[in-house]
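**Q** Quick mapping for you: the protein sequence lines, in order, are chains A and B. When the letters of the first sequence are read in order and numbered with the numbering used here, they come out as residues 1 to 288. When the letters of the second sequence are read in order and numbered with the numbering used here, they come out as residues 1 to 297.
Hint data in this document are derived by calculation from the structure and do not stem from the laboratory. Ideal Cβ positions, reconstructed from N, Cα and C, are used throughout, including at glycine. Wrong hints could be hidden among the right ones.
Computed far set for chain A versus chain B, every beta-carbon distance over 10 angstroms [to be verified]:
#: 1; residue: Gly70
#: 2; residue: Glu101
#: 3; residue: Glu112
#: 4; residue: Thr157
#: 5; residue: Ser204
#: 6; residue: Ser212
#: 7; residue: Ala238
#: 8; residue: Glu250
Chain A regions said to be covered by chain B (calculated; three or more residues, Cβ under 8 angstroms) [as the list claims (entries may be wrong)]:
#: 9; stretch: 73–87
#: 10; stretch: 131–143
Mimicking DSS-like on lysine-lysine, the simulated pairs with C-alpha atoms at most 27 angstroms apart in a straight line are [unchecked claim]:
#: 11; chain 1: A; residue 1: Lys129; chain 2: B; residue 2: Lys191
#: 12; chain 1: A; residue 1: Lys91; chain 2: B; residue 2: Lys191
#: 13; chain 1: A; residue 1: Lys145; chain 2: A; residue 2: Lys166
#: 14; chain 1: A; residue 1: Lys91; chain 2: B; residue 2: Lys174
#: 15; chain 1: A; residue 1: Lys129; chain 2: B; residue 2: Lys174
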Amino acid sequence: MTLTSLNESLMTPTNLATVNDPVDDLAEEPAEMVFEVRDAAVDYGSHRAVDGVSLDIASREITAIIGPSGCGKSTFLRCLNRMNDFIVGAKVSGSINYYGEDVYGPKVDAAEVRRRIGMVFQRPNPFPKSIYDNVAYGPRINRFKGDLDDLVEEALTAAALWDEVKDKLKKSAFALSGGQQQRLCIARALAVSPDVILMDEPCSALDPIATSRIEDLMVSLKRQYTIVIVTHNMQQAARVSDRTAFFTTEVDDAGARTGRLVEFDLTNTIFTSPADSRTEGYITGRFG
Amino acid sequence: MTAVIVPNSITQSTAGRGRRIKSAVATTLIVMSLVIVMIPLVMIIATVVSRGWSSVTAPGWFTADIPIVSRSEGPGMGPAVLGTLMITGVATAMAVPLGVLGGIYLNEYSEGSRLGRVVRFFADVMTGVPSIVMGLFIYTIWTLEFGFSAFGGALALACLMLPVVIRTSDEMLKLVPQELRESAYALGGRKAGTIVRVVLPAAAPGIISGALLAIARAAGETAPLLFTIGFVNAKNTDLMSGANTALSTQIFKNAISLFPGQQNRAWGAALTLIGIVFVFTILARIISTVLARKHSA
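Full structure from sequences and hints, please.
**A** Written as structure tokens, this is what we have:
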């Protein structure tokens, strides 16, 4: 697979609802690594926001990133699909490999990286368009040639939204509730057949019922997609994720705050027998 | 610390008389200010309508040529209506696309660059340049060379509109949430496509309102046209050559006349101009409401 060519799968309709061999029993060492991150760091101008992150993200798993506010969770997440390119003064160093290819390599097409590595944001942010056009946006800009109606239906079905919106596809996306809007954003991300979905606190603006629907959705999407989720909610990380990375903030003598990865392991291990005392402190502090 | 009096019932207010009186006084003052503001507004409309109505309703007002003999009574203002529509239309065609592109450059592309800061600064300064100076500028670079023409007037109005359109577009684009751009990028979108397909539609209602306010203002400008289009009494449909006329300059010329016929035509022209601007403003409202409603619940 190469990042520099447009994925062939876009040219033909793909069945998003297809269930490919589910990875239910989690092995200690997963079969395939999607991302291999080595010593990644992010600088905003002269300030190092995130430093020395090394971790592997496994295929068809949910990897959760937790940690206190300002520890660089989101900043790190946005490195994975080059979303930091748009922030003036942001610079990523270290190596972030996606199936063995450097995401920041000189020949890499950043737009293609972002198509393969989709993103769902903190606040539901549908485009000011109809429900249908929101989902169809990605396929259209990527010159999708198949049956757009089918693709939209598949994406909405995969995002567990189809039954609620099938009779009002031409209505504005803003007519939906917050939870529905967020599922629409997930459907929109699925419609370009990504491989990875990054979620940046996708439930923080939602009520508990909408949150639990999104969590159920994540678990079902895991069969086909690799998911990386940043969350403030530790229970959420414990409920849905397979592996958890704990980030924290270090403050140097000058008062500059830098985010660091403290511990990365199976979620079960992180929550029951963390190796680092800081992880334990954070987890027990919130739970206790 | 002041003691809080705990009321025995909800009919007994802790706020006390003083606060209620203050509130009543403030309300009265605000209502009075509103009335005072409304007085000149209503008077202007009432005066213009009452004085101009008979001229405007006379048959042929909007089509007939302006009488050559100053003393003669009666319609019309055809050439000035045509001139105003032509000049404002051409000015809009030049200034709005350029201004919106300028706004897009400032907000979407200039990001922290020196050129961006300089352009934004000069757009701000140009917004404050008196319209007569703009007219003089076009007079020296265009009219002296090519003579009076509707196009010269349009150039002057376009120069006036341009900075306003640039800055309103810039501000309206600034209001589009960054997350909206990012979600388009996250789907594999590129910058130019994202601006055209996502950012501009989201900002469109505001940009259109801003542009129409600029058009309405330009339609009523007099000073820049005095130097650039001259005066005629017959219709001149040639955009590029020959003197032309507009409602605003006709108001100026006829209002300072001693003849009642001309004075009446000035009132008529004033009412016509207000009417045209009014129609444009209503149109702007409708367009931006329809666009806004299309995309919201």
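**Q** All the hints need checking, so say for each whether the structure fits it.
**A** Cross-check of the supplied hints:
no.: 1; hint: Gly70; in the structure: holds, 19 angstroms
no.: 2; hint: Glu101; in the structure: holds, 17 angstroms
no.: 3; hint: Glu112; in the structure: violated, 6 angstroms
no.: 4; hint: Thr157; in the structure: holds, 19 angstroms
no.: 5; hint: Ser204; in the structure: holds, 13 angstroms
no.: 6; hint: Ser212; in the structure: holds, 23 angstroms
no.: 7; hint: Ala238; in the structure: holds, 27 angstroms
no.: 8; hint: Glu250; in the structure: holds, 28 angstroms
no.: 9; hint: 73–87; in the structure: holds (count 3)
no.: 10; hint: 131–143; in the structure: holds (count 4)
no.: 11; hint: A:Lys129 x B:Lys191; in the structure: holds, 19 angstroms
no.: 12; hint: A:Lys91 x B:Lys191; in the structure: holds, 19 angstroms
no.: 13; hint: A:Lys145 x A:Lys166; in the structure: holds, 22 angstroms
no.: 14; hint: A:Lys91 x B:Lys174; in the structure: holds, 24 angstroms
no.: 15; hint: A:Lys129 x B:Lys174; in the structure: holds, 19 angstroms
When each numbered hint is compared with the structure, a violation occurs for hint 3 only.
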